[in-house]
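Novice: Residue strings, one per chain:
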Amino acid sequence: MFRQFQSNGGAPLLDRSEGPPMAFHEFYRDDFRPREHYLPMWEHLQRVGQKGLANKARDAQLALHNEGVTFTLYSDEGKGIERVWPVDILPRIITAQEWHPIEAGLKQRVRALNLFLKDLYHGQHILKDGVVPPELIYRGKDLCREIMDVDPPGDIYIHISGADLIRDEEGRYLVLEDNLRTPSGVSYMIENRVIERRILPELFSSYHVRRVEHYPDLLLQSLRDLSPRGPEEAVVVVLTPGIFNAAHFEHSFLAREMGVELAEGRDLVCKNDKVYLKTTLGLRQVDVVYRRIDDEYLDPLVFRSDSVLGAAGLINAWRAGHVALVNAPGTGVADDKAVYAYVPDIIRYYLGEAPILQSVPTYQMTDHQDRTYVLDNMEKMVVKAVAESGGKGMLMGPNSTAAQRDKFAKKIVEDPRHYIAQPVVQLSRHICYLDGELESRHLDLRPFCIYGSDIEVVPGGLTRVAVTRGSLVVNSSQGGGSKDTWVLAD
Amino acid sequence: MRYHIERAHYMRFSAPAREHHIQIRLAPWHDQTQSVIRMGLKVDPEVHAAAAYDGFGNLFHHFAILAAHDELRFKIEAEVETRCANPFDFALIPSERELAWITERLHQAPRLWDLILHRSLMTPALPGEIDGHPVPRLQEGQQLIDQVQALMRWTRDLIAYEPAKAERAAELASALDAGAGSAEDLAHLLIAVTRQWQIPARFVSGYLDAAYFESGTCEDGDPPPQQLHHWAEVLIPGTGWIGFDPALGLLADATYVRVAVGRDAQDTQPIKQSCRSEGMAAEVDERLSVSRLGAS
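Top to bottom, those sequences are chains Z and D.
Quick note on the numbering used here: the first sequence kicks off at 1152 and runs consecutively.
Quick note on the numbering used here: the second sequence kicks off at 2 and runs consecutively.
Chain Z on its own, in the form it takes in the complex (with noise of 0.2 Å):
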């Protein structure tokens, strides 16, 4: 499958990837000629041709450089290797049309997802129902007995999400997963989105572009909500785990753009539930705490013993209603991939409404007919293990070998409550710049929402790209690359 750009003096610009021809294309229509609204982006690489966009390519990396805009990937020996953020400079372009029922459906998920969690932790209807089977939640790892019964503030768990939404074959929408625990990427969506109005200017004029660079700005006013001494008092920290996290960047990042502290957990200290911040001047109490570390090391004296990474008593802090932890603690069971497959049930059951995205089919491990369907076809399944995360424990069925399939196998057969299934969904496709070539690219979308007043949906997110040709894997820990996301105003 070749496909020939026009070029503007050097060699001509060329598609050469053989991708699977049942994948949707996002740039191109069936006859190969441009979606319409990628015209104006199509006329302006014509007119930019190769060697243009070569240097702008250069340019971009040299300012995501300058700038450290980095992320950390760890090697198999556990060491982080620090690397600039990989950032394709052709937008991905969704129209308004397109956003609405995205837009919609977060909504309607996120609200939906926290009733669920609001429920599980309080009278648990849902499992008296039979919607979802007790079984199914009581042998997970993530639910948080910790926190039975607990109130949090608005009686908000998932303050931020940022699902992962892929299109299927005919370019339908539909959320692969719903990361309600510490989402990372906002930070690289708006850096993306910085870089593209720097290096292509004249193309970003040329599209009416919604804007995604005020997050920053929401994200504080709705952390500065949840303050119990009120929004005009509010002391809010960025709770990180330190340098050494993929996420730092992002952390930092953060704090930042929002104008608060970026604390590790010795900067805190609790005392008669109340939360404090070390400072020069002595304890300032803190409202809010933005946390971007996993629940088990929030506080050694409810989770893990053994965390330096917390600070001892910010649970209690946090029960007596002193300080609001964002996210809540114990949104990961809703975020469990054995749960995923019941979020339509879950949606219909607190909001009588039909779900607005679709979920990818997928098989429990648990059940005795889905089970013996994947272990005889393993080869067309993508296998997850649950409790993992950014593309680890899975197994991608086309691309395995029969000995990772025995592995799996057998893996599954020993604890069917920690594996699950999917058919493989060919992730939709798009041109992308690689190596002096446009080459098209497997691609997911991370929209983030906001939960505060409101649920809000920034509108672009961060697209993900699988850099290796023919590959589906597009987590930034698997060396995926990325694109700025520009959703079109009506």
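These are computed hints drawn from the structure, not numbers from a lab.
From a predicted model like this one, the values you see are computed outputs, not experimental measurements.
Each hint should be verified, as a subset may be incorrect.
[To be verified] In silico DSS-like links for lysine-lysine, alpha-carbon gap of 27 Å or less: (1) Z:K1292 <-> Z:K1561; (2) D:K166 <-> Z:K1425; (3) Z:K1429 <-> D:K166; (4) Z:K1422 <-> D:K43; (5) Z:K1258 <-> Z:K1279.
[Stated by the list, open to error] Non-contacting residues of chain D with respect to chain Z, defined by C-beta distances greater than 10 Å in every case (computed): (6) E141; (7) A161; (8) G250.
Glycine is no exception: its CB is placed at the ideal position from the N, C-alpha and C atoms.
We have chain Z; now place chain D onto it with these hints.
Specialist: Frame of chain Z; chain D shown alone:
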């Protein structure tokens, strides 16, 4: 019965401790089977202590001493009235309806699933037999309460109770290998089997009437010091939670004071603490006194 309970704890650090946070689960339960008439907690150095309930319904207290300190004392005192004179004092339901009764309870209270499904190193899934002893299976046509009593005897055959052994094994397997263990180990074994029967069972920490210690079960003949005891509670059809104490081979009655319940001993830890300094609890002294105040 009415009891006066005094639990004192003393720590002396080898180096000053600071930012010292303590969370204790030592207060007796207040429910249908026992009433807390009064209770108080004193901490030295003097600090504000707060109380809350955890996810299993246990009352816990917590406090923090931020300044550097070498010593810490706290004492919890309570007066409790217990009412379970006879654990058999309930109407049995026919054995053929017992499992339906359990199913209905699980439907009404899904949280009970935790007490069937939880597995840990302390309450692991068990093989068909242990050291040549077949693990008992639930028998149709027999009352569950009778089967759990038989299970207590089986538990004691596998793990001999050692009253002086205050610490539990980190893994149930270690106690089974040793053939001896603490009250916690025996309770864990009973719970592990009961859960395999799909019957809810929970771990209990609590206080015992002093008479159990006065009988003198130590090797040197002296009465052993009173200490926190541990047993299991099983959901028995027709009534509710009944305490089974495999260590002493008894059903829990009014001489048992429940303090904390959970899936296993991890959930009922009496003291959890964290401090930022290098100082560790070099010296620890714990004293428990449970005295009967006379018939109620």
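Novice: Indicate, hint by hint, whether the structure satisfies it.
Specialist: Quick rundown of the hints versus the structure:
1. Z:K1292 <-> Z:K1561: With a Cα-Cα distance of about 20 Å, the restraint between K1292 (chain Z) and K1561 (chain Z) holds, given a limit of 27 Å.
2. D:K166 <-> Z:K1425: violated, 39 Å
3. Z:K1429 <-> D:K166: Since the Cα atoms of K1429 (chain Z) and K166 (chain D) sit roughly 43 Å apart, the hinted pair is violated (cutoff 27 Å).
4. Z:K1422 <-> D:K43: holds, 17 Å
5. Z:K1258 <-> Z:K1279: holds, 26 Å
6. E141: holds, 23 Å
7. A161: Its Cβ never comes within 10 Å of chain Z, the nearest being 31 Å, so this holds.
8. G250: Fine: 31 Å to the nearest Cβ keeps G250 (chain D) off the interface.
Going down the numbered hints, you'll see the structure goes against 2, 3, while the others check out.
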